[in-house]
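For the record, the sequence lines run as chains A and B.
Heads up: the first sequence runs through residues 1 to 309, numbered per the working numbering.
Heads up: the second sequence runs through residues 1 to 368, numbered per the working numbering.
These aren't lab readings, by the way, just hints derived from the structure by calculation.
Misleading hints may appear alongside valid ones.
Claimed, not checked - As a list, the in silico SDA-like pairs of lysine to any residue whose alpha-carbon atoms are at most 25 Å apart:
| hint | chain 1 | residue 1 | chain 2 | residue 2 |
| --- | --- | --- | --- | --- |
| 1 | B | LYS366 | A | ASP57 |
| 2 | A | LYS110 | B | LYS366 |
| 3 | A | LYS137 | B | SER351 |
| 4 | B | LYS204 | A | LYS110 |
| 5 | A | LYS110 | A | ARG122 |
| 6 | B | LYS217 | B | ASP134 |
Stated by the list, open to error - Heads up, incomplete: computed chain B residues facing chain A, CB under 8 Å, no partners named:
| hint | residue |
| --- | --- |
| 7 | PRO4 |
| 8 | LYS14 |
| 9 | GLU19 |
| 10 | LYS204 |
| 11 | LEU206 |
| 12 | ARG209 |
| 13 | LEU237 |
| 14 | TYR304 |
| 15 | SER306 |
| 16 | LYS345 |
| 17 | LYS363 |
| 18 | VAL364 |
| 19 | LYS366 |
Built from N, CA and C at the ideal position, the CB exists for glycine as well.
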Amino acid sequence: MYPIVKVSNVIKHFKDVKAVDGINLEMQQGEFLALLGPNGAGKTTLVEMIEGIQHPDSGEILIDGKHWKGHAHELHHIIGLSLQETHFLEKITVKETLKLFASFYGLPKKRVDEILEMVNLREKHKAFVDKLSGGQKQRLALGIAMLNNAKLLLLDEPTTGLDPTARREMWNILMHLREEHKISLILTTHYMEEAQYLCERIVILDKGKILAQGTLNEILEANNSYEIIDLSFNETVENINFLNKSSFVKATWDDKTQKARLLVTDIVTELPKLLELVQSNGLSLQTLECHKMTLDDLFIEMTGRRLDQ
Amino acid sequence: MQSPLLQLIIVQFKTFIREPEVIFWSLLFPILMAWGLGMAFNKENESVISIVQVKNDQYPDSAFRSFMVGAKEIKNINSPNEKALEQDVTIQGLGTNHYKIIDGTWEQAYVLLKRGVVNLVIEETAEGLQYHFDPKSGEAKASYLQFSGILKGKQEELSHTLIKPLSQKGTRYIDFLVPGLIAMGLMMSTMWGISYSLIEKRSKKLLRRLVATPMNKSSFMISQFAARFVLCTIEALVLYIFARYFFDMTIEGNISAMIALFCAGFFAFCGIALLLASRTSNTFVGNGIINLVVMPMMLLSGIYFSYHNFPDAIIPYIQALPLTMIADGIRSVFLEGAGWTELFKPILILSTIGFVTFISGLKVFKWY
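Assemble the whole structure, with the sequences as input and the hints as a guide.
Right, here's the structure in full:
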């Protein structure tokens with residue numbers, strides 16, 4: 001069996017920007033994969049190349065063992081997708097929109113009703129598209145992507161801009177899909193929780209390159225993940241040099257928030273040492289937070305920037 | 001499940017009829033325009049001639065003064081506090097002229113001349129009544145000739161001359177106007193409708209989404225044209241039916257040739273529209289491009305007034321414009337009884353324009 005997606009050495013330029021810079025990626029059938037990265041990381045370009053909408057400058061993309069060239073018609077039938085922000089025709093109802101797309105795949109009417117059920121839009125089937133909320137529009141886009149029972153589903157930022165409830169509803173539909181159907185999914189997002197919740201495999205992209213990939217734990221372990229202690233003081237602190245002298249991995253000071261962040265190998269053994277140090281320097285703690293490193297933290301560690309920026 | 005082409009046409013057509021503005025602008029507006037302009041140029045042959053008189057009681061002009069006897073006082077709309085006088089003169093065959101005489105000084109006369117309220121000023125002087133007007137203005141000249149003629153007692157003479165008013169169908173302004181409006185409606189509806197909707201679909205990424213399905217690209221284009229064709233035909237029919245019943249217009253020539261011309265014109269504008277919309281995804285840019293093509297034709301193609309008033313040197317170029325070909329063609333069928341022989345050439349040229357622009361537009365068309 002072919003991998004459902006195989007991306008080899010793919011490069012794509014836009015004028016002088018390298019949007020995708022030599023990416024290799026292989027995805028097995030049935031896998032749920034998240035492309036995680038900030039805006040401009042190259043997620044959309046990569047996904048659109050897999051979708052056949054854009055073409056790589058160099059490198060090769062195979063879907064189910066086939067090139068886009070010469071197999072476009074076939075591949076359109078096994079792929080379902082939602083683009084980042086598509087505006088469907090405003091004065092056309094939800095059901096009419098689904099019917100239109102269903103006609104391209106030669107699907108029976110029944111399928112439209114099934115989809116309305118799956119994406120919870122039955123009650124809205126007579127509503128014009130321009131009367132839908134953001135979440136409902138995204139669910140319509142997802143419904144269209146799911147119409148043809150695609151082997152491979154590609155969703156480009158399906159929950160960006162949605163409120164937590166709408167996002168959760170989207171997640172539930174996708175989780176259901178994952179459990180019930182043999183389907184492969186590529187999802188782009190800049191929400192760490194989304195990648196973590198929906199996908200077993202996460203690929204972190206930045207500036208057109210893959211920074212890390214694997215399951216959440218694999219990524220964290222492979223990148224010497226540490227544990228984190230955030231603290232602030234009651235007193236004004238001149239510098240935190242005293243924190244660097246201990247067995248802590250790294251201490252940083254954020255001037256804006258007036259907080260110190262310590263990377264440690266093990267909170268349980270390092271915390272008492274920290275408290276002792278604070279006391280011996282004549283300081284007292286205002287706040288203290290301990291947690292394991294998240295993907296967000298890791299991304300900041302690796303790039304100095306936040307994922308959702 | 002219905003065929004994709006049929007679905008696309010239905011959806012496209014629904015987008016038209018669900019926008020009430022579309023119904024107004026494409027159906028009601030041309031009728032209002034035809035009605036308004038038709039009425040304005042077709043009303044009873046009455047006209048108002050406004051004149052400022054600069055009175056001088058030292059040298060009263062007897063002909064003028066006696067003309068003014070029995071004049072009725074009317075409201076002076078230019079200066080509500082003052083009155084003007086109106087004297088009506090009816091000449092058999094020419095209808096009634098309302099002479100509106102406003103009393104005033106030279107200063108006031110200049111203001112009214114500048115505002116275009118009057119085009120003739122008369123002044124009583126020692127040498128008799130003097131007429132002041134711009135001899136380059138045909139209208140001013142006509143006012144002078146009529147008014148001075150009446151004062152000289154030519155009224156009787158005029159009445160006995162043989163005046164035969166033209167009111168035969170086909171020579172009225174409305175007869176000239178309606179075929180032009182049908183041609184213009186076809187152009188506007190096609191160019192704006194198709195170009196703009198394609199550009200908008202591209203800017204909203206809908207084109208991109210559509211071609212990521214197994215949808216046939218030519219089905220999509222055909223659906224855009226087909227839905228628009230239905231709308232254009234309804235527009236033309238509504239306008240024709242209105243003119244038929246309201247202004248009693250009839251088609252003198254070959255209807256099948258005219259339908260062929262209409263279709264060829266539609267095809268030509270479809271091709272041009274597709275070509276214009278082939279690249280840009282910015283609706284503002286699209287707006288400019290469409291205007292660039294549509295405006296010159298609207299102004300030059302003789303929709304409202306004959307283009308024969310333009311210099312002879314540019315008339316052949318005007319006649320080569322698609323809109324001129326359609327307007328002249330429809331007009332010749334309506335009014336001159338033209339048929340296939342006369343329309344063969346424009347039909348062929350328009351079809352060729354359509355074919356060439358359609359193929360090249362499709363070649364460079366940007367779906368993403």
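Quick rundown of the hints versus the structure:
Annotation: proposed proximity of B/LYS366 to A/ASP57 holds, straight-line Cα distance about 19 Å (limit 25 Å). Taken as a hint, the A/LYS110 and B/LYS366 pair is broken in the structure, with Cα atoms around 34 Å apart against an allowance of 25 Å. As the CA atoms of A/LYS137 and B/SER351 are separated by approximately 42 Å, the hinted pair breaks the 25 Å bound. For the suggested pair B/LYS204 and A/LYS110, the alpha carbons sit about 29 Å apart, so the restraint of at most 25 Å is broken.
With a CA separation close to 13 Å, the supplied pair A/LYS110 and A/ARG122 stays within the 25 Å bound. For a cut-off of 25 Å, the pair hint linking B/LYS217 to B/ASP134 is broken: about 62 Å separates their Cα positions. Taken as an interface hint, B/PRO4 checks out: its beta carbon lies about 4 Å from the nearest beta carbon of chain A, inside 8 Å. Hint on B/LYS14 holds. Least Cβ distance to chain A is approximately 6 Å, under the 8 Å limit.
The restraint placing B/GLU19 at the interface with chain A holds, with a minimum CB-CB distance near 6 Å, inside the 8 Å limit. Evaluation of the B/LYS204 hint against chain A yields a held restraint, the C-beta minimum of about 4 Å falling below 8 Å. Taken as an interface hint, B/LEU206 checks out: its beta carbon lies about 6 Å from the nearest beta carbon of chain A, inside 8 Å. The beta carbon of B/ARG209 comes within 5 Å of a beta carbon in chain A, closer than 8 Å, and the hint placing it at the interface holds.
This hint is violated: B/LEU237 has a C-beta 24 Å from the nearest C-beta of chain A, more than the 8 Å allowed. Interface hint at B/TYR304: violated, since its Cβ lies 33 Å from the closest Cβ of chain A, which is beyond the 8 Å cut-off. For B/SER306, the shortest C-beta to C-beta distance to chain A is roughly 41 Å, which exceeds 8 Å, and the interface hint is violated. Against a cut-off of 8 Å between C-beta atoms, the interface hint on B/LYS345 is violated, since the closest Cβ of chain A lies about 40 Å away.
For B/LYS363, the suggested interface contact is broken, since its CB lies about 18 Å from the closest CB of chain A, more than 8 Å. Checking B/VAL364 against chain A: minimum C-beta separation of about 17 Å lies over 8 Å; hint violated. With its C-beta approaching chain A no nearer than about 12 Å, B/LYS366 sits outside the 8 Å limit, and its interface hint is violated.
Comparing the model with each numbered hint stated earlier shows that hints 2, 3, 4, 6, 13, 14, 15, 16, 17, 18 and 19 do not hold.
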